[in-house]
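Peer 1: Sequence:
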Amino acid sequence: MADRPWAVDNLWITSFWILRRFRRILTCRILKQDDIEYAIENTQVILAPARQIATFGNTSFEFHLISELMDRVDQVRIRTGRIEAERPKILSPEYFHRMMLEGFGEKAQEYVERLREHARQIAVLRYGFQFRKSGVTEETVSATLQSVIDRTRRAVERAGDPNGAIIQGVDEAWEVCLLKFTIEMIERSAGENIGDFKRRGLI
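Position one of the sequence shown corresponds to residue 46 (our numbering), numbered consecutively onward.
Read the hints as simulated data drawn from the structure, not as lab findings. Be aware that a few hints might be false.
To be verified - Straight-line alpha carbon distances no greater than 25 angstroms define the calculated PhoX-like cross-link-like pairs of lysine-lysine that follow:
1. Lys134 x Lys243
2. Lys225 x Lys178
3. Lys225 x Lys77
4. Lys77 x Lys178
5. Lys134 x Lys77
None of the values given here were measured: they were computed from a predicted structure.
Make the full structure from the sequences, and use the hints.
Peer 2: Structure below.
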């Protein structure tokens with residue numbers, strides 16, 4: 046999966062760090078590249094949190110990740126847990142330079158050197174997430190996927206939790222589905238976070 050930058054008024058945000066952090070998860074699960082790509086393509090955020098990632102404090106999201114069991118008909122697994130989003134941090138160009146180069150080859154070095162040439166125009170936000178598999182509960186129910194999604198959505202909306210999220214994903218590669226959710230949360234929050242930092246004169 047390639048690095049995905051977003052440009053907003055010459056301020057660059059990158060998901061590079063999060064791919065590095067999740068590399069260990071993907072390696073431990075011994076997932077093939079095709080499995081990872083399949084999980085990414087088949088992950089859908091059914092209900093996104095009403096809240097975004099806070100600029101000046103931590104944010105806790107409760108997720109309900111729903112997936113069909115591949116080897117059994119009308120068997121659906123619901124994983125429920127929390128993921129903690131740390132407040133975004135502003136990285137210096139030099140720190141970003143070292144982070145980007147670690148473990149990468151000549152082409153990456155050329156790219157980073159070009160970034161350094163425009164260091165004064167570049168600000169990089171680092172987003173951190175904490176997630177513990179031990180805090181995830183699992184429930185398997187006999188029902189269709191859509192009926193489980195509908196029931197879960199009604200429950201989350203009835204609870205009125207602005208930090209609740211429902212994700213439809215792939216059972217074997219559910220950590221990858223969670224990764225895609227976190228990247229989408231970064232995409233949704235980055236513009237507001239940058240605006241907050243700019244208003245305080247921090248970037």
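Peer 1: Are the hints correct? Go through all of them and say.
Peer 2: Hint-by-hint comparison with the structure:
1. Lys134 x Lys243: This hinted pair holds, its Cα atoms lying about 13 angstroms apart.
2. Lys225 x Lys178: Between Lys225 and Lys178 the Cα gap is close to 16 angstroms, so the pair holds against 25 angstroms.
3. Lys225 x Lys77: holds, 17 angstroms
4. Lys77 x Lys178: holds, 21 angstroms
5. Lys134 x Lys77: violated, 32 angstroms
Checked against the numbered hints given earlier, the structure breaks only hint 5 and satisfies all the rest.
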